[in-house]
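Residue numbers (UniProt numbering): 1 to 221.
Since the hints were derived computationally from the structure, they do not count as laboratory data. Some clues are possibly wrong.
[Said to hold, decoys possible] What follows is a list of derived Cβ distance ranges for each label pair:
#1 Ser157 - Lys38: 40 to 46 Å
#2 Glu114 - Thr56: 47 to 53 Å
#3 Leu37 - Glu131: 40 to 46 Å
#4 Gln209 - Thr56: 50 to 56 Å
#5 Asp2 - Ala87: 23 to 29 Å
#6 Thr14 - Gly158: 26 to 32 Å
#7 Gly158 - Glu114: 23 to 29 Å
By construction, the Cβ of each residue, glycine as well, lies at the ideal position given by its N, Cα and C atoms.
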Amino acid sequence: MDVKLKFYYKGPGTKQLQLESEWFEDKGITPLVNDMLKTGRIKDITVMDEMGREWTLKEFHKLMEKTEDEPRNPTIYFDGGYDRENAESGIGIVIYYDKGKEKFRIRYNAKLLELLSSNEAEYAALYNALEVLQQLGVKHSPCVIMGDAQGVLKQLSGEWPCFDETLNLWLDRIEEKIKAMGLKPSFQIIARNENKEAHKLAGQALRNQMIDSHLKLETQE
Numbered sequence: 001m002d003v004k005l006k007f008y009y010k011g012p013g014t015k016q017l018q019l020e021s022e023w024f025e026d027k028g029i030t031p032l033v034n035d036m037l038k039t040g041r042i043k044d045i046t047v048m049d050e051m052g053r054e055w056t057l058k059e060f061h062k063l064m065e066k067t068e069d070e071p072r073n074p075t076i077y078f079d080g081g082y083d084r085e086n087a088e089s090g091i092g093i094v095i096y097y098d099k100g101k102e103k104f105r106i107r108y109n110a111k112l113l114e115l116l117s118s119n120e121a122e123y124a125a126l127y128n129a130l131e132v133l134q135q136l137g138v139k140h141s142p143c144v145i146m147g148d149a150q151g152v153l154k155q156l157s158g159e160w161p162c163f164d165e166t167l168n169l170w171l172d173r174i175e176e177k178i179k180a181m182g183l184k185p186s187f188q189i190i191a192r193n194e195n196k197e198a199h200k201l202a203g204q205a206l207r208n209q210m211i212d213s214h215l216k217l218e219t220q221e
């Protein structure tokens, strides 16, 4: 999660000023603050995060300790496919997230029988991805949602209207889920070749090749 600092600066012979930092990743806060305090010119540091919350420095350190082992900063890739001949849908979901200093990846797919189009399969894929996040325990976190379904992402961001009653119901369900989990979503439209993991999983589901994988990723120091 990105944060920024608000603080007071008082130099020798200068007027006290209230200043703000730029946004930066929260894991860099301790060395930065320690360096700032060494100057003896900084006081009353307030931490603000991208969710719009504010804490004193002491409160923020307590929060970081409390939430260290909670999953956060998820990135969702999703895709849906539809077999018109058999009236079957396949959904593919890939989720990357942080937990403490470690990074994880979830790969999941499923075959759905009650959907009526490839568009509906895309919405269902994203809704099911949010269900996976909820089961994981992700809450009150920024969330990056990436896919090549331009219509879904443009409608969720409010850029495009949706006139289809069935798809509107999916939009409502997705928006309610995001709100209930306290997520701050950002939507990114990507090319199909950038979404190949989720696309492959959706295709595998249609071929009855089911995947349910939860893996800790190797990280480089």
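Each hint tested on the structure:
no.: 1; hint: Ser157 - Lys38: 40 to 46 Å; in the structure: holds (43 Å)
no.: 2; hint: Glu114 - Thr56: 47 to 53 Å; in the structure: holds (50 Å)
no.: 3; hint: Leu37 - Glu131: 40 to 46 Å; in the structure: holds (44 Å)
no.: 4; hint: Gln209 - Thr56: 50 to 56 Å; in the structure: holds (52 Å)
no.: 5; hint: Asp2 - Ala87: 23 to 29 Å; in the structure: violated (44 Å)
no.: 6; hint: Thr14 - Gly158: 26 to 32 Å; in the structure: violated (45 Å)
no.: 7; hint: Gly158 - Glu114: 23 to 29 Å; in the structure: holds (28 Å)
Against the hints set out earlier in the document, violations occur for numbers 5 and 6.
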